[in-house]
Amino acid sequence: AQTVTQSQPEMSVQEAETVTLSCTYDTSESDYYLFWYKQPPSRQMILVIRQEAYKQQNATENRFSVNFQKAAKSFSLKISDSQLGDAAMYFCAYRDFGNEKLTFGTGTRLTIIP
Amino acid sequence: DGGITQSPKYLFRKEGQNVTLSCEQNLNHDAMYWYRQDPGQGLRLIYYSQIVNDFQKGDIAEGYSVSREKKESFPLTVTSAQKNPTAFYLCASSLPRDNEKLFFGSGTQLSVL
Chain A
1 AQTVTQSQPE
11 MSVQEAETVT
21 LSCTYDTSES
31 DYYLFWYKQP
41 PSRQMILVIR
51 QEAYKQQNAT
61 ENRFSVNFQK
71 AAKSFSLKIS
81 DSQLGDAAMY
91 FCAYRDFGNE
101 KLTFGTGTRL
111 TIIP
Chain B
1 DGGITQSPKY
11 LFRKEGQNVT
21 LSCEQNLNHD
31 AMYWYRQDPG
41 QGLRLIYYSQ
51 IVNDFQKGDI
61 AEGYSVSREK
71 KESFPLTVTS
81 AQKNPTAFYL
91 CASSLPRDNE
101 KLFFGSGTQL
111 SVL
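Each protein sequence line maps, in turn, to chains A and B. Per the numbering used here: the first sequence ends with 114, consecutive numbering throughout. Per the numbering used here: the second sequence ends with 113, consecutive numbering throughout.
Okay, chain A solo, but in the shape it has when bound:
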């Protein structure tokens, strides 16, 4: 079974600085998808960014970018110019090609220091 590991339960960063959240996963598949979801205090889950495993280029969405290392099975999220609104739980998630099931990590709580 696929597993997703987020080894940082909590992280903090100074406003306007850059922070990187770690995620590793275990799979024997070659085709899959990876996601980062954000859960603010409202508890609404919001997609931050997604990556297809067959794409070598790292995905970017404005201030959010990933470092996808397929051989190392690593999928870290970098947040640049951190803002107060970035404070949330961040979940890494994995999905096999052709499989409806999305497997989540345990999350990293990000605090932004003004």
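It should be emphasised that the hints constitute simulated quantities derived from the structure, not laboratory data. Since no wrong hints were added, every one of them can be taken at face value.
Which residues of chain A face chain B? A few of them, derived with a C-beta cut under 10 Å, are:
id, residue
1, Ser42
2, Met45
3, Arg50
4, Phe91
5, Cys92
6, Leu102
With a straight-line Cα cutoff of 25 Å, these simulated BS3-like cross-link-like pairs (lysine-lysine) come out:
id, chain 1, residue 1, chain 2, residue 2
7, B, Lys70, A, Lys101
8, A, Lys101, A, Lys73
9, B, Lys14, B, Lys83
10, A, Lys70, A, Lys55
11, A, Lys101, A, Lys70
12, A, Lys101, B, Lys71
13, B, Lys101, B, Lys57
14, B, Lys70, B, Lys57
15, B, Lys70, B, Lys101
16, B, Lys71, B, Lys9
17, A, Lys101, B, Lys57
18, B, Lys71, B, Lys101
19, B, Lys9, B, Lys70
20, A, Lys78, B, Lys101
21, A, Lys101, A, Lys55
22, B, Lys57, B, Lys71
23, A, Lys55, B, Lys101
24, A, Lys70, B, Lys101
25, A, Lys73, A, Lys55
26, B, Lys101, B, Lys9
27, B, Lys101, A, Lys101
28, B, Lys101, A, Lys73
29, B, Lys57, B, Lys83
Note that beta-carbon positions come from the ideal geometry of N, C-alpha and C, so glycine has one too.
Place chain B on chain A using the hints.
Relative to chain A, chain B alone:
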């Protein structure tokens, strides 16, 4: 506005009681999901459905039941067989493509009296 509506926001269950959590979407999505979230843990899949009148068990289906009689609706019943039901329950939907994101509802917090 399109979206997913979960109700109620808070729900209390007495011992031995079945309770049903509502999930409705007007996004015309085929796939719908139920996840459970416990403190310090990620989301765990309970049930999912790809089409009307069909659904599959997820990782923690024991003690839960679902139905999918309409495309828009995917209610979850927490039965008395679920011995530890206190959790935050999230419903989601998506288009039937692998890289499609999940749209989530705002969740239901279930507590045991």
